[in-house]
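Novice: Residue-level listing of the chains:
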Amino acid sequence: NAGVTQTPKFRVLKTGQSMTLLCAQDMNHEYMYWYRQDPGMGLRLIHYSVGEGTTAKGEVPDGYNVSRLKKQNFLLGLESAAPSQTSVYFCAGSETIIEAGGKETQYFGPGTRLLVL
Amino acid sequence: AQSVTQLDSQVPVFEEAPVELRCNYSSSVSVYLFWYVQYPNQGLQLLLKYLSGSTLVKGINGFEAEFNKSQTSFHLRKPSVHISDTAEYFCAVSWVLMTGFQKLVFGTGTRLLVSP
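Listed in order, the protein sequences are those of chains A and B. Using our numbering, you'd call the opening residue of the first sequence number 1 and step up by one each time. Using our numbering, you'd call the opening residue of the second sequence number 1 and step up by one each time.
It is worth saying that the hints were derived from the structure and are not from the lab. Don't be surprised by glycine CBs; every beta carbon is placed ideally from N, CA and C. Heads up, some of the hints might be wrong.
[As the list claims (entries may be wrong)] Okay, derived cross-link-like pairs now, DSS-like style, lysine-lysine, Cα gap no bigger than 27 Å in a straight line:
| # | chain 1 | residue 1 | chain 2 | residue 2 |
| --- | --- | --- | --- | --- |
| 1 | B | K103 | B | K49 |
| 2 | B | K58 | A | K103 |
| 3 | B | K103 | A | K71 |
| 4 | B | K69 | B | K49 |
| 5 | A | K57 | A | K9 |
| 6 | A | K14 | A | K71 |
| 7 | B | K58 | B | K69 |
| 8 | B | K69 | A | K70 |
| 9 | A | K103 | B | K103 |
| 10 | B | K58 | B | K78 |
| 11 | B | K103 | A | K57 |
| 12 | A | K9 | A | K70 |
| 13 | B | K69 | B | K103 |
| 14 | B | K49 | B | K78 |
| 15 | A | K103 | A | K71 |
| 16 | B | K78 | A | K9 |
| 17 | B | K78 | A | K103 |
| 18 | A | K57 | A | K14 |
| 19 | A | K71 | A | K9 |
| 20 | A | K103 | B | K69 |
| 21 | A | K71 | A | K57 |
| 22 | A | K57 | B | K49 |
[Claimed, not checked] Here's a subset of chain A near chain B, in silico, CB distances under 10 Å, partners left out:
| # | residue |
| --- | --- |
| 23 | Y35 |
| 24 | G42 |
| 25 | L45 |
| 26 | Y48 |
| 27 | V50 |
| 28 | G53 |
| 29 | A56 |
| 30 | K103 |
| 31 | E104 |
| 32 | Q106 |
| 33 | F108 |
| 34 | G109 |
| 35 | P110 |
[What the hints assert, rightly or not] Which chain A residues stay away from chain B? Per the calculated CB distances, all over 10 Å, these:
| # | residue |
| --- | --- |
| 36 | T7 |
| 37 | S18 |
| 38 | L22 |
| 39 | A24 |
| 40 | M27 |
Pulled out of the complex, with its shape left as it was, chain B reads as follows (with noise of 0.2 Å):
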């Protein structure tokens, strides 16, 4: 069974300073790899996903994640963050079943809380 990994449920930094949110996840098959966000009372949105290619894919406010296969991980990182990233950020692993549906499942979250 696919699963995915988040060992932080939560990352205190400072305001400029550089982050990286960890992900690993386990398949048995193809999977393509998303990290979304969370913003406080809001729903989730794209952050950014690697479907093949480059390994280092980059996402919307200056996030970007690298895909390695060999050690099955998918982290997320910022150089240099702002108080407007807090927020809580999850990673996903999707797959497509033999019906065609697109199966998603997330890691249980890691809350990034960015002070000045």
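Bound-form chain A, shown alone (with noise of 0.2 Å):
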């Protein structure tokens, strides 16, 4: 099984420009979750599914446009690219629905890290 894996691994954009990042998972994950990771403030959620063609918002979702349109990918998009999004962005999924409640552990791609000049 390959986990939880993630495209690109590295992007430089111009600001202005749009893109869009994959995270495909293998390991039948319900939930899925995009985080943002930047110095001296820990990860922070951006958007998250409960399931397939379902999503909603995070603590910071502006700038980002998220789909699900199948369990096993969650697409992160950025429509137009802004210095203020350099960061690492980086996909996690955790386990089925079935040991719901809050005990879940999230399992993390590599991530992807976005430079906006």
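Build the complex: two chains, separate frames, hints provided.
Specialist: Okay, structure coming up:
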């Protein structure tokens, strides 16, 4: 099993450009998450999905959109990139809802480093 | 609101020495507590978690943590560190919302630097 994978690993954008980050998982996770990691701020939740076709906003959703057309894929889009979106982006998935209740372990991908000039 | 404080942004230590990484939390609801580790250029992976029962939790790679409800702490310890333990360590609290969604809030991280 590949677990949780992310593409691309690294990307440089100019202000105003758009891009899509892809997260794929083969662990049958119902829940999937997109976080951003900035120095001294830990991880902050951007958007999440509780199942195929459903998405919701996290703590810092502005400037991002997401889609989950298939259970195994969770896409994060930047329509018009800004320098403030320079960050490391992590996708994660969590165990099935059978073990729900806040106890779930989240499984993280290796991250995408994004630099917006 | 729930929050996590990791007071030490960086902890330097010599190989084979003991280490403690501190984590304090604030919560108005019942929470679960996690420690995740991030090795250089990798994603986070679970080190250990406290759900209930014994307050001393053992994790991977010889790490353990003790839940102290009265002090609202969940400090991470290892009696003898290795060079390979050099990483960033994140404490997190988790609870479930009315929707059934797991809300996970991370601390700002502690970078453990192990030198020979």
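Novice: Each hint needs a verdict: does it hold in this structure or not?
Specialist: Structure-based check of all given hints:
Between K103 (chain B) and K49 (chain B) the CA atoms are separated by roughly 15 Å; this keeps the pair inside 27 Å, and the hint holds. Taking the CA atoms of K58 (chain B) and K103 (chain A), the gap is near 16 Å; set against the 27 Å cutoff, the hint holds. A C-alpha spacing of about 20 Å is found between K103 (chain B) and K71 (chain A), which places the hinted pair at or below 27 Å, so the restraint holds. Between K69 (chain B) and K49 (chain B), the direct Cα distance comes to roughly 15 Å. Compliance with the 27 Å bound is thereby established for this hinted pair.
Between the alpha carbons of K57 (chain A) and K9 (chain A) the distance comes to roughly 24 Å, so the proposed pair stays at or under 27 Å and holds. Note on K14 (chain A) and K71 (chain A): the hinted pairing is violated, with a Cα-Cα distance of about 31 Å set against a maximum of 27 Å. With a C-alpha separation of about 17 Å, the suggested pairing of K58 (chain B) with K69 (chain B) holds against the 27 Å cut-off. The straight-line distance between the Cα atoms of K69 (chain B) and K70 (chain A) is roughly 41 Å, outside the 27 Å bound, and the hint therefore fails.
For the suggested pair K103 (chain A) and K103 (chain B), the alpha carbons sit about 10 Å apart, so the restraint of at most 27 Å is met. A threshold of 27 Å between alpha carbons decides the hint, and for K58 (chain B) with K78 (chain B) the separation of about 10 Å falls inside it, so the pair holds. This hinted pair checks out: K103 (chain B) and K57 (chain A) have alpha carbons roughly 12 Å apart, not beyond 27 Å. About 22 Å separates the Cα atoms of K9 (chain A) and K70 (chain A), which keeps this hinted pair within 27 Å; it holds.
Note on K69 (chain B) and K103 (chain B): the hinted pairing holds, with a Cα-Cα distance of about 20 Å set against a maximum of 27 Å. A C-alpha spacing of about 15 Å is found between K49 (chain B) and K78 (chain B), which places the hinted pair at or below 27 Å, so the restraint holds. The hinted pair formed by K103 (chain A) and K71 (chain A) meets the criterion: a straight-line CA distance of about 21 Å does not exceed 27 Å. A distance of roughly 32 Å separates the Cα atoms of K78 (chain B) and K9 (chain A); the hinted pair therefore is violated under the 27 Å criterion.
Restraint check: the Cα-Cα separation between K78 (chain B) and K103 (chain A) comes to about 24 Å, which is no more than 27 Å; the hinted pair holds. Straight-line distance between C-alpha atoms of K57 (chain A) and K14 (chain A) comes to about 25 Å, which keeps the hinted pair within the 27 Å bound. Distance check on the hinted pair: K71 (chain A) and K9 (chain A) sit about 22 Å apart at the alpha-carbon level, within 27 Å; holds. Our distance criterion of 27 Å between C-alpha atoms is met by K103 (chain A) and K69 (chain B), whose separation comes to about 18 Å.
At most 27 Å may separate the alpha-carbon atoms for a hinted pair to count; K71 (chain A) and K57 (chain A) meet this at roughly 18 Å. Under the criterion of a C-alpha separation no larger than 27 Å, the hint pairing K57 (chain A) with K49 (chain B) is consistent with the structure, at around 26 Å. Residue-level restraint check for Y35 (chain A) holds (minimum Cβ-Cβ distance to chain B is 8 Å; threshold 10 Å). Because the beta carbon of G42 (chain A) sits about 4 Å from the nearest beta carbon in chain B, less than 10 Å, this interface hint is met.
Taken as an interface hint, L45 (chain A) checks out: its beta carbon lies about 8 Å from the nearest beta carbon of chain B, inside 10 Å. Look at Y48 (chain A): its Cβ gets to within about 7 Å of chain B, closer than 10 Å, so that hint holds up. Against a cut-off of 10 Å between C-beta atoms, the interface hint on V50 (chain A) holds, since the closest Cβ of chain B lies about 6 Å away. Proximity of G53 (chain A) to chain B is violated relative to the hint, the smallest CB-CB distance being about 16 Å (cut-off 10 Å).
Satisfaction of the interface hint for A56 (chain A) is found here, the shortest Cβ-Cβ separation to chain B being roughly 8 Å, below the 10 Å cut-off. With a cut of 10 Å, the hint placing K103 (chain A) at the interface with chain B holds, because the nearest CB-to-CB distance is about 5 Å. Proximity of E104 (chain A) to chain B holds as hinted, the smallest CB-CB distance being about 5 Å (cut-off 10 Å). Against a cut-off of 10 Å between C-beta atoms, the interface hint on Q106 (chain A) holds, since the closest Cβ of chain B lies about 7 Å away.
Against a cut-off of 10 Å between C-beta atoms, the interface hint on F108 (chain A) holds, since the closest Cβ of chain B lies about 3 Å away. Checking G109 (chain A) against chain B: minimum C-beta separation of about 5 Å stays under 10 Å; hint holds. Among the interface hints, the one on P110 (chain A) holds; its C-beta lies about 5 Å from the nearest C-beta in chain B, closer than the 10 Å criterion. Here T7 (chain A) stays apart from chain B, with its beta-carbon at least about 14 Å from theirs, past the 10 Å limit.
Distance check for S18 (chain A) against chain B: the nearest CB is about 24 Å away, which clears 10 Å, and the non-interface claim stands. Chain B leaves L22 (chain A) outside its interface by the beta-carbon criterion, the shortest separation being 15 Å against a cut-off of 10 Å. The beta carbon of A24 (chain A) sits about 14 Å from the closest Cβ of chain B, which is more than 10 Å, so the claim that it is off the interface holds. Against chain B, the non-interface label of M27 (chain A) holds: every CB pair exceeds 10 Å, the least being about 13 Å.
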